[in-house]
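> Listed below are the residues making up each chain.
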Amino acid sequence: MEETHHWRNIVVLWLVASLIMTPIVIFVIGPGLPPGNGSVEASGQVTDNTVLLATATPVALAVLVYIAYACWAFRERTPEVVLDGPAIRGNSSVQFWWLIVTTTLVLFLAGYGTVRLLADGSGGGQGPNPIAVPSAPNGGKPLVVQVVAQQWQFNYRFPGYGGFETNQIELPENTLVQFNVTSLDVIHSFWAYELGVKADANPGVNNVAYVTTKGPLLFHVRCAELCGVWHGYMFDQGRVVPKAQFAAWIVQQKTKFAPATKTLPPYSKTYFPQPLRRGG
Amino acid sequence: MSAIAMSVPAGRRTGWRKLIGFNMLTGIVLGIGGWYLGHFIGDHLSGAGLAYYSAEAGENDIAIFLGYLLGVVGFLVGLGFANYPIRRLLGHPPALAEHESEAEGLFRYFTLNTDHKVVAKQYMVGIGLFFFVAGLNAMLIRTELLQPNVHVFGANQYLTLVGLHGAMMMGTMTSGILGPFAQWAVPLMIGSRRMAFPRIESFTFWLLMAGEVILLTTIFFGGFQTGWTGYQPLGAQGTAGYDAYIGFFALVGLSMCLFGFNLIATITVMRGRGMTWSRLPIFVWAAYATAWLMLLAAPMLIAALLMGASDRTLQTAFYIPGQGGSAYLFQNLFWVFGHPEVYILALPGMGIVLELMVVFARKPLWGYRLAVAGMLGISFLSWFVWQHHLFVSGINADLRPFYMLSTELISLPTGFIFLCAMGTLWRGRIRFTVPMLFCLGWMFNFLWGGISGVFVSDVPSDVTTHGSFFVMAHFHYTIMGGLIFAFFAAIYYWVPKMYGYNLNERLGKIHFWTLFIFFNSTFAPLFALGFMGMPRRVVTYNAAWQGLNDWVSISAYCIGLSMLVFLFNVVWSLAIKREPAPINPWNSKSIEWTLPTPVPVHDFDKLPVFDADPYPYGVEPVPAGAPAYAPAGGTA
Amino acid sequence: MSATGKRILWTTALAAIVCVAIGLYIGLYLVNVPGSSAAVQTSSGTNLYLATVPAAALNDPHPTWVSYYAVDAGATNWRHVTTYTVPANTLVHVTIYNFDSPSGLRNPWFGQSSGTVGGVMTLDGKTMKGIDPDNASHVFSIPQIGLVIPLDGIAATAKNPCSNAPCSLSNNHTTTTFTFRTPGKGLYRWQCFVPCAAGYIAGFGGPMQTVGYMDGFIKVV
Chain A
1016 MEETHHWRNI VVLWLVASLI MTPIVIFVIG PGLPPGNGSV EASGQVTDNT VLLATATPVA
1076 LAVLVYIAYA CWAFRERTPE VVLDGPAIRG NSSVQFWWLI VTTTLVLFLA GYGTVRLLAD
1136 GSGGGQGPNP IAVPSAPNGG KPLVVQVVAQ QWQFNYRFPG YGGFETNQIE LPENTLVQFN
1196 VTSLDVIHSF WAYELGVKAD ANPGVNNVAY VTTKGPLLFH VRCAELCGVW HGYMFDQGRV
1256 VPKAQFAAWI VQQKTKFAPA TKTLPPYSKT YFPQPLRRGG
Chain B
1019 MSAIAMSVPA GRRTGWRKLI GFNMLTGIVL GIGGWYLGHF IGDHLSGAGL AYYSAEAGEN
1079 DIAIFLGYLL GVVGFLVGLG FANYPIRRLL GHPPALAEHE SEAEGLFRYF TLNTDHKVVA
1139 KQYMVGIGLF FFVAGLNAML IRTELLQPNV HVFGANQYLT LVGLHGAMMM GTMTSGILGP
1199 FAQWAVPLMI GSRRMAFPRI ESFTFWLLMA GEVILLTTIF FGGFQTGWTG YQPLGAQGTA
1259 GYDAYIGFFA LVGLSMCLFG FNLIATITVM RGRGMTWSRL PIFVWAAYAT AWLMLLAAPM
1319 LIAALLMGAS DRTLQTAFYI PGQGGSAYLF QNLFWVFGHP EVYILALPGM GIVLELMVVF
1379 ARKPLWGYRL AVAGMLGISF LSWFVWQHHL FVSGINADLR PFYMLSTELI SLPTGFIFLC
1439 AMGTLWRGRI RFTVPMLFCL GWMFNFLWGG ISGVFVSDVP SDVTTHGSFF VMAHFHYTIM
1499 GGLIFAFFAA IYYWVPKMYG YNLNERLGKI HFWTLFIFFN STFAPLFALG FMGMPRRVVT
1559 YNAAWQGLND WVSISAYCIG LSMLVFLFNV VWSLAIKREP APINPWNSKS IEWTLPTPVP
1619 VHDFDKLPVF DADPYPYGVE PVPAGAPAYA PAGGTA
Chain C
12 MSATGKRILW TTALAAIVCV AIGLYIGLYL VNVPGSSAAV QTSSGTNLYL ATVPAAALND
72 PHPTWVSYYA VDAGATNWRH VTTYTVPANT LVHVTIYNFD SPSGLRNPWF GQSSGTVGGV
132 MTLDGKTMKG IDPDNASHVF SIPQIGLVIP LDGIAATAKN PCSNAPCSLS NNHTTTTFTF
192 RTPGKGLYRW QCFVPCAAGY IAGFGGPMQT VGYMDGFIKV V
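Chains as they are written, first to last, in the numbering used here: chain A, 1016 to 1295; chain B, 1019 to 1654; chain C, 12 to 232.
Hints listed in this document are in silico derivations from the structure and should not be mistaken for laboratory results. Predicted model only: the values in this text are computed from it and were never measured. Careful: at least some of the hints might be erroneous.
[Unchecked claim] DMTMM-like, lysine to aspartate or glutamate: derived pairs with alpha carbons at most 25 Å apart: (1) A:LYS1271 / C:ASP145; (2) A:LYS1271 / C:ASP143; (3) A:LYS1156 / B:ASP1416; (4) C:LYS230 / C:ASP83; (5) B:LYS1527 / A:GLU1095; (6) A:LYS1284 / B:ASP1416; (7) C:LYS17 / B:GLU1597; (8) A:LYS1269 / C:ASP143; (9) B:LYS1527 / A:GLU1209; (10) A:LYS1277 / C:ASP143; (11) A:LYS1156 / A:GLU1209; (12) A:LYS1277 / C:ASP145; (13) A:LYS1271 / A:GLU1188; (14) A:LYS1269 / C:ASP145; (15) B:LYS1139 / B:ASP1631.
With the hints as constraints, model all of the structure from the sequences given.
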């Protein structure tokens, strides 16, 4: 039957395309997907992105192959005469299976995403009461770094080291780091790309994000939420370094900014600094 | 102006006397008067505290808001919108008379007109104008992004360009398809001579125009630095340019709300004899599904903005942390509006594509009930997903899996629409006319828009892509690749009927192919830029990305050129060449094509009675050029 | 003229008007790009002289806004620009005359000077590592190179304060000097960190978000 012949062609074309593209996506493109393997959570995101892309590939190919085939096979070959096509108003079997397949795909993706999210928080800001806390590589408590966002610079405060504040960031390797992200004025977003961390800095809110660092790394920090005229210039560079080097860096920064630290308010999860009033 | 001159109805006056009376010119004059009156009142409001702050800042927000308010009121009064309510208050009986007898002349487009076809054309030109202004802003944005370390515009001007592009596009295109095409076609498709509330119909148009003008005044007040989302408390910090943003969006919200209300009333109550819900054309269903979103979502926006205005004038602290307010409050209120808003943009496009594909594949709509379920499903589900804009904002972490699921679920009804479009193509007799090309382009673009949506709806993936150019690419693929392509499809399809002149087909095809190629060339690399870590709304970027940004900017200029082809086509075909169009150039079996061209003011000589489904395709062959649908005779 | 000819004429005229309108529209954005000023070479090296005022000049578009100005050593030549051109990899000596009163820092961290040679600055002749954060009037900071210089405000009891630019050294002022090494060629931005934009919520609107007042660029050539 003519109908089976089209149907079969489309399925064959789709199968061939999928069997070629999906492995390419998984094995060639997948490892290069963002944000790279700079941290445990970032690697988790790469896996998640690979799963999403691998699932999307056959779906997209199905639609594209069908449209391309239909445009070629079902084009009007006698444009001088206006003829109607067959009055097919639907096919309950096709509709049923489409519903089943798409629902399954969607539920799978939502489920997988949830599992991945709850495993280690995926580096995202979880608010003041995080529910997905990854375990530290060697047991013990996480290194707490407070990210203080303000217009238009990120400052970092280390409560575990006397609460000093600096404008640079270094982190020790193979450590669970807890970022407490907050803002002093408007909404910013702390995005450490290679670490796979993004947490909005909301004024008056403590937004907690976890990252488990791996080896030494240079990472870029950018603000990811429009915060005013210098939003595009609100960036930083940070480093993941060996533990001994980190300890030395802490001492150096603490000494350098000791005068400023004396004037700071005590460490707190959120700040409501004055002047914040309307007026000079 | 003598009493004699005034007593002649406006439509039949000649020369300059035509300008006297209630029209756009009077509206502008009274609007400017209202602006100054509002300023005067605002400047003289007592309160030492207020005076101190405005003196320090050099601007008085209360005066500006009052100026906008009284300016808009003056504008609307000048157009004549107060006449009927006042007449009714004075005891006159209900009547429908506003300029409806003016069947000819350019002048009627500058007045309050209750003919739905005139309002549709007003919308088409008004929306077209601001669409191109916003598009020009996009060209300027891409010019700034050609080099990371050379700034063509000041850093503030750049953010204002970004905000204007976004706000103008979002505010204008919410009515982009429904304004021109639903108002023109829906009454005809359901067998009615008008919308349920014709004056409100005209009101929504003029409100939108007033809002657009207010938005443009932001340039004179220093612009606004928040982008189209207007986040607080950044907005509260800003200069008076942000007041213009509030004024614009509040008016757009009001216009949307009333428009949705009008559409729902029309489709529910004004359907002709025999036009049951199960016989409604799919475009009408799309308009209906969208109208509910417009009606219910817009008030959230207006409330959110009103509180922002109050923070800036009355010194409340709804959004100011540290004084008892919360930045979250704005984010949530805005996105409760904002997410249904993007489906307000997408649904009419889907309706157009399904409606037109039927004509150009010459088959009935495949899976009619599934398509309706898809439209209504999208409309319903769109209320439950808004927090996916806030995944990393520090919302309650327990909520995120729920919103991930609800957002992914929306791809199900969207999938129904795709299935129905694909099914309509199956064994059709596809004609690649310009409208059909745009419909196929819609399918390609919205596919990528939808798939990238699955990425951003997945929380782990969103951690990288939120706030980056990936999101930009996602929504440009759905809104521009989707809605705008459907918008052009509708223009090429209906203009021959609305205006009675053919659009040049060759230029139309050039427009389509250049737009399609350069649209993809512009926005596909943005997925890569987002994946590589480029945030949104930035005036500078990593030097390594300059090559890709330059490619994108040049492609964007080519989109501009493609639009010039379209503009040339429109001006040449409609203003200069004016080749009369046949009554039914597409051999469509939809009822509006049975009417003469131009469609008379009263639309139908006899109101039609419907007795079949809206897509009677698939019967015996029809000779080219003859009308294929004969309405059953019946009482008017 | 034929009907078609008339229509072509009208359409062309309208198109010309539209092009002019587009040009004007774009011009509106370009007109506000602020100018620039270069550091001067003297016998003592490369010098840059700046001033901060409580209100800009009376003929300025924003005569009530705080602002930076580029001046000369005697604060006699006032130019309202905020892009400063300096040579690369050079020690630059900067002098800032502050004519404004204190607003106080939102984040006291910026009360400590950093990024300069030795991490120190000089305030009215005395070498210090910073000031009392509550007494800060403005800050000159280039975040990309870690330069932070807080500017002390004039006393509340000042007898001869300046009201609008241009001011003279006979008005009450504080003088802050510092030396920093410029990085390689490029475009960097600088900003103030004190919420000094009076009349705006959080003191960070208006001049604090406008290049040409409390924000600008450092062009390293």
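> If a hint holds in the structure, say so; if it does not, say that too.
Hints, one by one, checked against the model:
1. A:LYS1271 / C:ASP145: Roughly 21 Å separates the two Cα atoms, so the pair holds.
2. A:LYS1271 / C:ASP143: holds (17 Å)
3. A:LYS1156 / B:ASP1416: Holds: LYS1156 (chain A) and ASP1416 (chain B) sit about 23 Å apart, inside 25 Å.
4. C:LYS230 / C:ASP83: Judged against 25 Å, a Cα distance of about 19 Å means the pair holds.
5. B:LYS1527 / A:GLU1095: holds (19 Å)
6. A:LYS1284 / B:ASP1416: holds (21 Å)
7. C:LYS17 / B:GLU1597: Measuring from Cα to Cα gives roughly 16 Å; hence the hint holds.
8. A:LYS1269 / C:ASP143: Between LYS1269 (chain A) and ASP143 (chain C) the Cα gap is close to 19 Å, so the pair holds against 25 Å.
9. B:LYS1527 / A:GLU1209: Violated, at roughly 45 Å.
10. A:LYS1277 / C:ASP143: Holds: LYS1277 (chain A) and ASP143 (chain C) sit about 11 Å apart, inside 25 Å.
11. A:LYS1156 / A:GLU1209: Given pair LYS1156 (chain A), GLU1209 (chain A) holds - Cα atoms ~23 Å apart, limit 25 Å.
12. A:LYS1277 / C:ASP145: Holds - the C-alpha atoms of ASP145 (chain C) and LYS1277 (chain A) are around 13 Å apart, at most 25 Å.
13. A:LYS1271 / A:GLU1188: Distance of about 23 Å is within 25 Å: holds.
14. A:LYS1269 / C:ASP145: holds (22 Å)
15. B:LYS1139 / B:ASP1631: violated (28 Å)
The structure fails to meet hints 9 and 15 from the earlier list, while all remaining hints are met.
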